[in-house]
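Sequence lines, in order, name chains A and B. Everything in the first sequence is counted per UniProt numbering, starting at 1 for the first residue and increasing by one. Everything in the second sequence is counted per UniProt numbering, starting at 1 for the first residue and increasing by one.
None of these hints come from the bench; they were simulated from the model. Among these hints, one or two may not hold up.
Claimed, not checked - Among the chain B residues that face chain A by a calculated CB cut under 8 Å, a handful are:
1. 10
2. 17
3. 19
4. 23
5. 50
6. 193
7. 194
8. 195
9. 198
10. 199
11. 202
12. 203
13. 204
14. 213
15. 216
16. 217
To be verified - Ranges of calculated distance between the beta carbons of each label pair, as one might list FRET restraints:
17. A:141 <-> B:284: 31 to 41 Å
18. A:133 <-> B:185: 30 to 40 Å
19. A:127 <-> B:109: 44 to 54 Å
20. A:202 <-> B:185: 32 to 42 Å
21. A:72 <-> B:33: 47 to 57 Å
22. A:127 <-> B:140: 42 to 52 Å
23. B:140 <-> A:7: 29 to 39 Å
As the list claims (entries may be wrong) - Counterexamples of contact, computed for chain A against chain B with all Cβ distances above 10 Å:
24. 16
25. 36
26. 104
27. 193
28. 232
Positions of the beta carbon are idealized from the N, C-alpha and C atoms, including for glycine.
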Amino acid sequence: MDNGMTQAPLSVAGLGVEFSDFRAVRDVSFDVRHGESFGLVGESGSGKSTILRAIGGLAPISHGTVRFRGEPVRATRSRAFRRAVQMVFQDPYGSLHPRQTVERQLSEPIRILGLDDRMDRIRQAIEQVGLNASFLYRFPHQLSGGQRQRIAIARALLVQPEILLLDEPTSALDVSVQAEVLNLLMDLRETRGLTYLFVSHDLAVVGAMCERILVMRNGEAVELLTGDQMRSGRVSTDYARQLLRASEGYQPGITRREAG
Amino acid sequence: MTDISTGAFERIRTGLPSSPGEARLAQAWRGWQLLRASPAALTGLAIILALLLVALFAPQLAPETPYGQALDRQLVPPSWDHPFGTDEFGRDVLSRVINGARYTLYIVVLVAVIAAPVGLLVGASSGYLGGWIDTLFMRITDIALAFPRLILALAFVTAFGPGLNNAIIAIALTGWPPYVRIARAEALTMRKSDYIAAVELMGASRLRIILVHVVPLCLPSLFVRMTLDMAGVILIAAGLGFLGLGAQPPAAEWGVMLSNGKEYLLSGWWVATFPGLAIFFVCMGFNLLGDGLRDILDPRHEA
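In isolation and in its complexed conformation, chain A is listed as follows (with noise of 0.2 Å):
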C-alpha cells in the first residue's frame, strides 16, 4: 500500500493508439496521482476517450507504455488491474445490458471475479449511489438516464476499485441529473479515497472536478494546467485560450477574429 502512495498508480508515457491507417492517439505522456481527479479535455476526436480505453485494454496501445503501480500493463490485464480499475461510460443508455435486471448486471463483477457475499455487496453499492434494493429487479429500459448512470457507477464501484476511468459520465444527462451525478462522483472519491481519470470536453465541468487538467489537441497533448489555472483562464498556450473562449458559449465575431 505504501508503494501505492509513493508512486504513481497510474502513468502514460509516449502512448500511441493506432487504428488500421489512423492515428487517434500521439505521444502522450502524463502521471495520474494518488488520490487525485486527473481531467482529460478536448474536442471530439482530441483522442482523450481513446487514452481511457487503452488504459482499460479496450484499445490497442500501439507505442509507450501504460504503467499500473510501476509495472507496464500487458495485453491481457491482471487480476489486480482489474480489481483496482475500473469505468464509467459515456453513454447510460448504451452501457447497461438492455435485457438484464440491475441486480444481474451488478452481479456480473462480483462472479467474474469470483468474490463472495453477493448480495451484500450489491446492497451496499446501489445504496452508495443514492439508490435503493427496490431499483435491483428493473431492465434499463425503466430507469432514466441519471438512473441508469448511477447503476453504471455502482457496478464500476463494485469491486471497490482505486482508480475510476470516468469517460465524459456526464455529457449525456439533462443539466440538473449532471450537477447531481457530479456532486455524487465528488463524494465518492473523497469517502471512498478514489483516483479519477476524468474525461470531459466541458471545460466548466473538469474545472469543478480536477485538480490537474491536461488539454488534448488532435490525439497529441497541448498543455497541462492545475484547476485554478484553468478556472481563472491563465493558459499558455492558443489552443487552451479558444477553448476556454468556445466554452464561454457563442459569441459572434470571435472565430472570424480567431481565424483572421
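Dock chain B against the given chain A, drawing on the hints supplied.
Chain B alone, transformed into the frame defined by chain A:
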C-alpha cells in the same frame, strides 16, 4: 397470504418486481399484454396450442386406432360415424389426422432443437469474435446457403436412406444457416457496445461474454425466425413424406396420407383433403404467431 400474492401480482403487473422470478414474470406479463393486442398472433397461438393438445392427447381424442384396417368400409365419405371419412383401407381419417399431429410436433421440435442451438452458437461466436473465425464460419454458411433446401434434404435422405428420423436430420442439417446469419447480425451490432466493453473490462472470458451477454440478445430474433421457419419445416417434412422419403406408410403422417390420398382424389376427395387442411392450418398458425412474436420480441421496440 392473499395480501402477499396480490402484492406480487401488482408488482408484476406494474413492472416493478422485487425478485428475479418476479422480474421474469413481469417480462412475460408485458409480452402477453402485447400479444393480446394482436388478433392474428392470438389466432396463431391458439392453433399452435391446439396442435400441442391434440398431439399430447391423441390416443384419448382419436375415436379409433389410426392403423385399424376394415376392408368392409373402404372410402366411406364423411358422415357422423367418420367425420373425415375413411381411406382406402377403411381406416378412420379423423383418427389418422389426429395422430399425425404427433409426427408433426416431433419433427418441428427435433429440427428446432438440433438446428437452432448450432446456428445460435456459431453465429454469435462469429459475430462477436470476428477475424478469421468469422470468415471461416461465414464461408461455410454461405456454401450451405447456396443449396436449395429441399434438394439438399433430398440428397441427404437419399444418402442415409428414407425414414422419418433421417428426414428430420436432413431438414436440421439444411436448416441452420439462416440462424447463423441472424445471430451473427445481432452479435455484430452489440460487439462494440459499451455494455460488452464493460464486462470485457471486468475480465470476463470470451466464452462467458458470448454465452451470458451476447446469446440472450440474439434469442428474440432467432425465436421469431424459428417460428416462421416451422411452416417451411412442416412443408418439407410433408413433402419428403409425400415423395416416400420421409415417414413410411402406414405411418399416420400428414405427408404420407396426402401421398396415399392422391390416388383417390376423384373417388374419395376427403382422404387427401383433411391431412392437407391440417398442414395448411398448422403452417398458418406458425406464420401468424411468428409475425406476432416479431412485433413483441424485437428488441428495438424498447428504448
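Taking the hints in turn, this is what the structure says about them:
Interface restraint check for residue 10 of chain B: the shortest CB-CB distance to chain A comes to about 14 Å, outside 8 Å, so the restraint is violated. At its closest, the beta carbon of residue 17 of chain B sits 4 Å from a beta carbon of chain A; the interface hint therefore holds under the 8 Å criterion. The interface hint given for residue 19 of chain B holds, since its Cβ lies 6 Å from the closest Cβ of chain A, which is under the 8 Å cut-off. The criterion of a C-beta within 8 Å of any C-beta in chain A is met by residue 23 of chain B, whose closest approach is roughly 4 Å, and the hint holds.
With 8 Å as the threshold, the beta carbon of residue 50 of chain B stays out of range of chain A, its nearest partner Cβ sitting at about 31 Å, so the hint is violated. The interface hint given for residue 193 of chain B holds, since its Cβ lies 6 Å from the closest Cβ of chain A, which is under the 8 Å cut-off. Because the smallest distance between the Cβ of residue 194 of chain B and any Cβ of chain A comes to about 4 Å, under 8 Å, the interface hint for this residue holds. The interface hint given for residue 195 of chain B holds, since its Cβ lies 4 Å from the closest Cβ of chain A, which is under the 8 Å cut-off.
The beta carbon of residue 198 of chain B is positioned within 8 Å of a beta carbon in chain A (closest approach about 6 Å), and the interface hint is therefore held. At its closest, the beta carbon of residue 199 of chain B sits 6 Å from a beta carbon of chain A; the interface hint therefore holds under the 8 Å criterion. At a threshold of 8 Å, the smallest CB-CB gap from residue 202 of chain B to chain A is about 5 Å, leaving the interface hint in force. At its closest, the beta carbon of residue 203 of chain B sits 4 Å from a beta carbon of chain A; the interface hint therefore holds under the 8 Å criterion.
With 8 Å as the threshold, the beta carbon of residue 204 of chain B comes within range of chain A, its nearest partner Cβ sitting at about 5 Å, so the hint holds. Checking residue 213 of chain B against chain A: minimum C-beta separation of about 6 Å stays under 8 Å; hint holds. With a least beta-carbon distance of about 6 Å to chain A, the hint placing residue 216 of chain B at the interface is held under the 8 Å criterion. At a threshold of 8 Å, the smallest CB-CB gap from residue 217 of chain B to chain A is about 6 Å, leaving the interface hint in force.
Look at residue 141 of chain A against residue 284 of chain B: about 33 Å separates their beta carbons, and that is inside 31 to 41 Å. For the pair residue 133 of chain A and residue 185 of chain B, the beta carbons lie near 37 Å from each other, so the given range of 30 to 40 Å is met. For residue 127 of chain A and residue 109 of chain B, the hinted distance range of 44 to 54 Å is satisfied, since their beta carbons lie about 47 Å from each other. With their beta carbons about 36 Å apart, residue 202 of chain A and residue 185 of chain B fall inside the hinted range of 32 to 42 Å.
Under the hint 47 to 57 Å, the C-beta atoms of residue 72 of chain A and residue 33 of chain B, about 55 Å apart, fit the expected range. Judged by the Cβ atoms, the range 42 to 52 Å given for residue 127 of chain A and residue 140 of chain B holds: they are separated by roughly 51 Å. A C-beta distance of roughly 51 Å is found between residue 140 of chain B and residue 7 of chain A, which places it outside the suggested range of 29 to 39 Å. For residue 16 of chain A, the shortest C-beta to C-beta distance to chain B comes to about 21 Å, beyond the 10 Å cut-off, and the non-interface label holds.
Residue-level check passed: residue 36 of chain A sits 22 Å from the nearest beta carbon of chain B, beyond 10 Å. A beta-carbon of chain B comes within 10 Å of the beta-carbon of residue 104 of chain A; the shortest separation is about 8 Å. Even its closest Cβ contact with chain B, about 21 Å, leaves residue 193 of chain A beyond 10 Å, as expected for a residue assigned away from the interface. Interface exclusion of residue 232 of chain A from chain B stands, the closest Cβ pair being 35 Å apart, more than 10 Å.
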